[in-house]
Amino acid sequence: MDLLGSGIFKGMAVTLKNFAMTYFDRGRKERLPTVQYPEAGDTVTLFTRNFPFLIYDGEEEVDGMRCVACQICERECPPACIYIVKEKDENGKFVKRPKVFDIDVSVCMGCQICVEVCPFDAIVMDSEFEYSKEDRFGDLLFNRDELLKSNDYYHKIHPEEAQARDANLAAKKAADEAKKKAREEKAAAAAAAKAAAEKEASEKKDSPEASEPVAEEPKAEPAAPSENHAKAESEAKEKPAAEETPVEEPAAATDETEDAKEESSGGSEGKETSEEPEETAGSGEDDEKKAEEGEGVS
Amino acid sequence: MTMESSVVAGSEPTVEPRGFELIEREGLETNLLEVSMGPHHPSTHGVFRMDVKLDGETVTELRPVFGYLHRNHEKLAEDMGYLGSMPFTDRLDYFCSMTNNWAYALAGEKMIDLEVPERAEYVRVIMAELTRLVNHIMLVGFFVNDLGALGTPLLYALREREKILDLFEWASGARMMCNYMRFGGLRNDLPEGWLTKCREVVDAFPYFLDEYEKLLVENEIILVRTQNVGVLKPELAINAGITGPMLRASGVNYDLRKVDAYGVYDRFPFRVPMGEVGDCYDRFMVRILEMRESIKILRQAMDELPEGPIMGEAPRVFKPPAGEIYGRIEGPKGELGFYLVSDGTAKPYRYRVRPPSLVNLTVLEDLCLGHKVADAVVILGSVDIVLGEVDR
Ligand code: SF4
Ligand code: SF4
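So the sequence lines, in the order shown, correspond to chains B and S. Going by the numbering used here, the first residue of the first sequence is number 1, and it counts up by one from there. Going by the numbering used here, the first residue of the second sequence is number 1, and it counts up by one from there.
Hint data in this document are derived by calculation from the structure and do not stem from the laboratory. Possibly wrong hints are sitting among the right ones.
[Said to hold, decoys possible] With a cut-off of at most 27 Å between alpha-carbon atoms, the simulated DSSO-like pairs for lysine-lysine come out as follows:
no.	chain 1	residue 1	chain 2	residue 2
1	S	Lys319	B	Lys172
2	S	Lys197	B	Lys156
3	B	Lys17	S	Lys214
4	B	Lys10	S	Lys214
Source: prediction; values computed, not measured.
Make the full structure from the sequences, and use the hints.
Structure (C-alpha cells):
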C-alpha cells in the first residue's frame with residue numbers, strides 16, 4: 001500500500017464517476033433506469049403470477065366454468081386460502097360446479113400450486129397486480145363471480161401457456177369422447193344383446209311387451225355422465241395421496257349431509273327461498289341415513 | 001440516596017446497587033452495563049437481539065436471542081403434502097429461494113431415487129450460482145453498511161441484484177419467492193431469450209466487481225475496522241459445525257460442491273477461495289472471490305447447457321416409501337440440509353431444516369468477546385444471517 005488514504009480516494013473516484021455518469025448515459029439499459037410506473041412500464045413477464053382466477057369458456061360465465069368443484073386445489077393449497085362448496089340441483093344431487101369458490105387473496109401467496117394440481121385446467125394465474133381495496137377483509141376475499149374470467153382474457157395475458165392448455169384440454173376431450181363412444185357402443189351392444197335375449201325370452205313366453213331398444217337408450221345415456229362423474233370423484237379422492245378416506249361412499253355421503261344441514265339450517269348461504277330447504281330436507285334425511293350407514297362403516 | 005450516603009462514608013459501600021456487578025480494576029470501580037441490542041436495532045438484519053454486557057465499551061458477555069420470527073415452518077410442513085412445502089422453503093432465506101428449493105428437491109429426489117434430466121441439472125446450477133451472486137453481493141453491501149458507509153455501496157449492490165432478480169422473475173414468475181424447482185426437475189423451461197439476457201448480465205458482472213473492489217477492498221477505514229476483528233480459529237469453526245464461506249475464511253477447505261459433487265458440479269472446474277486469518281476481512285474477501293468463481297461456473301454452464309426435457313418421471317402423487325433421508329447442498333450461506341422422515345404416507349413424518357445461518361450464529365459470542373460494541377455489529381454483519389432462516 002502506498003500513501004495512507006489513497007484507498008479512500010480511489011473509492012471516492014468510483015462514486016464520483018458513478019454520480020457523473022448518471023447525467024450522461026441516462027436511459028442506457030445496463031444502468032437500470034427508473035421505470036416511470038403508472039405512466040409507462042410493463043413489468044409483466046411471461047410467467048408472471050399473482051393470484052389465481054377461474055376460467056370459463058364461451059360467453060356464459062357460470063355455465064362455461066371449467067371448474068368441477070373437485071376440491072383438489074382446496075386440499076393442496078399450502079396456506080389453505082381456498083374455500084369451495086359444491087353446488088346441488090333441486091334434487092339434492094351434486095352438479096359439477098362450485099356454488100361457493102372463495103379465495104382469500106390476503107392469504108394467498110401466489111405459489112401456483114393450485115394451478116399445478118388442478119386436473120381440469122380450470123384455475124390459472126393472473127398477472128393483474130393493481131389490487132388496492134378499502135376493506136382489508138371483505139374486499140380481499142374474492143368470490144366465485146369475481147374470480148371468473150374468460151379464456152380470451154387468459155389468452156391475452158399468457159398466450160403461449162393458454163394455447164398449450166387449450167391443446168391439452170382438446171386432447172383430453174378427444175380421448176374422453178373416444179372412451180365415451182366406446183363405452184356407449186359397448187352399452188348399446190349390451191343393450192341390444194339384452195333386448196335380443198329378452199325378446200327371445202318374451203317370445204318364448206309369447207308376451208307382447210318385448211322391450212324395444214329405443215326404450216333402452218335413455219337408460220344407457222345418463223349412465224355415461226354419471227360414470228364420468230364417479231371417475232372424476234375417484235380421481236379426486238385418489239390423487240392427493242388417497243388420505244384416510246376408507247371407502248369412497250361414506251365420505252361422499254357425509255359431505256352431502258353436511259351441505260344439507262347447512263342449507264336446512266339456513267347457514268352458509270343465508271336466505272334462500274323457503275321452498276328449497278324443505279325440498280332438501282327430504283333428501284337430507286335420506287342422506288343422513290346414508291351417512292349413518294357410512295359412519296357405521298368407517 | 002443510598003448511593004450518596006455510601007459515597008459520603010468514603011469506605012466500602014454499605015448497600016450494593018442491585019442488578020450491577022462491581023468489578024475492581026486498577027483502583028477504578030466501574031459497573032458492567034447490560035445492553036439489549038435489538039430486536040429492532042438496524043444492524044441486526046431483522047428481528048434479532050443481542051444481550052451484551054459491556055465493560056466500558058468492551059464486550060464481556062454476549063447472548064444471542066432469537067425466535068422473534070418463528071413461523072412454525074417445520075410443523076406446518078409435517079401437516080401437508082411434500083409439494084406444499086416447496087413454496088414455504090422460499091421463505092426461509094429470502095435471498096436464496098432458488099438454493100432452498102434445490103436443497104428440498106434434492107432431499108425429495110433422494111427419497112424416491114428420482115433421476116433429474118441433464119438440462120434441469122444445468123439450469124439448477126445456473127440458478128444456484130446466480131443466487132450466490134445475489135447473496136454475496138447483498139452481504140457485502142450490508143456489511144459495509146454496518147461499517148458505517150451508509151447507502152452508496154449498498155445501493156450499488158442492490159442495483160446489481162436487481163438485474164439478477166429480473167432474470168429470476170422472467171424464468172420463474174416471481175422475483176424472490178421463485179418456487180421454481182420440483183421433485184425431478186423444474187416447473188417450467190427457460191423462456192426464449194433468457195439465456196442471452198443472462199449472458200449479458202453475467203458478462204457485465206466482473207466489471208462491476210472490479211469497480212466494487214476498487215471502492216472497498218483497499219479502503220483504509222475498512223481495513224482497520226475489519227482486520228483482526230472477530231477471528232475465528234479453524235478448530236473452533238470445525239467443532240461448532242460452521243459451514244460455508246465462514247468456514248473457508250478460517251482456512252478450512254470444505255465446499256460441498258467439491259465434497260459431495262451433487263448435481264453436475266463435478267463437471268465444472270472452479271477454485272475454492274480460502275482465508276488465512278479468519279477475521280472479518282477474510283470473510284468479506286472470501287465472498288468477493290467466490291463471486292468470481294461463480295461467474296466462471298455460470299459461463300461454463302451456459303455454454304454447455306444441453307437441450308432436452310426439464311422434468312424427470314416424477315410420480316403425480318409424491319408418496320415416498322418409509323425411511324429417512326438427508327439432502328444437503330452448498331447454499332450461499334453454508335450447508336443447507338433437509339432431513340425428511342417418511343412413514344409411507346403422503347405427508348412427511350418429520351421435516352427438519354438444517355439452517356446454515358443458525359449454526360453459524362452459534363459462535364457469535366466467541367467472536368465478539370474482547371472487542372468493542374461497534375465491532376460486534378461488524379462481526380454480526382460478517383456472519384451473514386437471515387432471520388427467516390434462523391428462526392424458521
Ligand atoms: S382443482 Fe380445479 S376443478 Fe378442482 S376444484 Fe380446484 S379449480 Fe375446480
Ligand atoms: S396460488 Fe398458492 S396460495 Fe394462492 S390459492 Fe393457489 S395454492 Fe393457494
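Evaluated hints:
1. Proximity of Lys319/S to Lys172/B is assessed by CA-CA distance (about 26 Å); at most 27 Å being required, the pair is judged to hold.
2. Restraint check: the Cα-Cα separation between Lys197/S and Lys156/B comes to about 24 Å, which is no more than 27 Å; the hinted pair holds.
3. With a CA separation close to 12 Å, the supplied pair Lys17/B and Lys214/S stays within the 27 Å bound.
4. With a CA separation close to 6 Å, the supplied pair Lys10/B and Lys214/S stays within the 27 Å bound.
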